[in-house]
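First to last, the protein sequences are chains C and H.
Each residue of the first sequence is one higher than the last, beginning at 3 in the working numbering.
Each residue of the second sequence is one higher than the last, beginning at 3 in the working numbering.
Check the hints yourself; a few may be wrong.
Any copy will do: because identical chains look the same in the list, a pair fits if it lies in one copy or spans two.
[Said to hold, decoys possible] Pairs of lysine-lysine, DSS-like flavour, derived with a Cα cap of 25 Å:
1. K163 - K130
2. K80 - K163
3. K163 - K17
4. K97 - K80
Derived by calculation from the structure, the hints in this document are not laboratory data.
Here is how the chains run, residue by residue.
Protein chains: 2
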Amino acid sequence: MALTMYEASIPALKKTLSSLAAILAKAAEHAQTKKIEPAVLVNARLFPDMFALARQVQIATDQAKGCAARLAGVEIPKFEDTETSFEELQVRIAKTIAFLDGVSADQINASEARDIVLQLHETRLEFKGADYLLNWVLPNFYFHVTTAYNILRHNGVEIGKRDFLGSR
Amino acid sequence: MALTMYEASIPALKKTLSSLAAILAKAAEHAQTKKIEPAVLVNARLFPDMFALARQVQIATDQAKGCAARLAGVEIPKFEDTETSFEELQVRIAKTIAFLDGVSADQINASEARDIVLQLHETRLEFKGADYLLNWVLPNFYFHVTTAYNILRHNGVEIGKRDFLGSR
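Excised from the complex, chain C in its bound form (with noise of 0.2 Å):
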C-alpha cells in the first residue's frame, strides 16, 4: 500500500482552501468591525515590491486549480483575475473548490509519472506529475496561502496557526 496522487493532492487542497476562506471571512469581519475600508485589506501587502492579498488568493487557487487540472488531464478553468474585494475573492475560492470537487480519484491517480509542462514567461519547466505536485505545487500553495495569512496577520486581524490548519 501507498499514497495515491489524490490522496496526496485534492483533500489537503481542498481543505486549506476552506481553510483560506474562512480566514478572508474574518478579515471581511474586522475590517467591518474595526471601521477598515476592505480595500485596504485587500490590497496590503508585505512589502512595496510583494504582490497584495487578493494576487495571492488568485496565486493560491491558479495552484490548485492547475494541479487538479494538469493531472487530471483537463483543460485548466480560466478565471479572469479581477477580484477586488473579499465578497470576490470568496467566490473565486468557491469556484476552485467546485472545480475540484468534479476531478474524480480515477482521474488523478496514476498520474505520477504523466509529463508536465509549465511555460513560466521565457521558462519552460518539464515535470512528472509526481514532481510537480510534490515539489512544485505544494510549496507554492501553501505559500501563497500562508503570505495571504501574514499579510492580515500583519495588519491586525485577530487569526492564528489554528485557523490556517483548520478543524481536525
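Position chain H relative to chain C; hints supplied.
Frame of chain C, contents of chain H only:
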C-alpha cells in the same frame, strides 16, 4: 504504481530546508552589507504576538525531524531551542538535514497507516501516518518556512520566490 511515503516526505523537506538555509545566508549577508545588527533580523516578527524569525526556523526544523522520526518509528532528536544567531540557525538546519539523510526509504515506507499521536499542551491529536504527513507536517512545515521568508522579505532582504522554491 503510486507515491511512497518516503517520496512524499523526505526529498521535499530536505530541498526546502536547503532553500531556508540559503535564504538565511542571504539575510546574514544583507545585515552585513547594510550594517544591520544581525540579531535585529533574527528577532524580527510580523506582529507583536507572532513568533520571531528564530522560532519560525526552530518550528520548521521540528516539523521536519518529527516527521522523519515518527514515520520511521525512531526517537526524535532533541534540540535545545537556544539559537540566537544566523550561524546557530544554520547549524540547526544542517543537523536536521543530516538526520533526514540518516533515515532510509525502507524505514519511512509503509508508514501510511502507522498510528501517530501528538500531545500539544492539553490537546491530543491522533493520526494515521498519511494524514499526519499530508494534513499536519506539510502545511505546518511550509507555513513556518514561508513565514521566515516573509519576515525577511518584509525587512527588505532581497529574496524572491525562486529562493523559496530552490533551483530545479
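Intra- versus inter-copy proximity for K130 and K163 (alpha-carbon distance at most 25 Å)
For K163 and K130, the Cα distance is within 25 Å only across copies (21 Å; inside one copy 32 Å).
At most 25 Å between alpha carbons: which applies to K80 and K163, within, between, both or neither?
Cα proximity of K80 and K163: across copies only (23 Å, versus 31 Å in one copy).
Intra/inter-copy verdict for K163 and K17 if alpha-carbon distance must be at most 25 Å:
both (14 Å within a copy, 24 Å between copies)
Since the copies are identical, ignore which copy is meant and state whether K97 and K80 lie within 25 Å (CA to CA) inside a copy, between copies, both or neither.
within (11 Å within a copy, 44 Å between copies)
Checked against the numbered hints given earlier, this structure breaks none of them.
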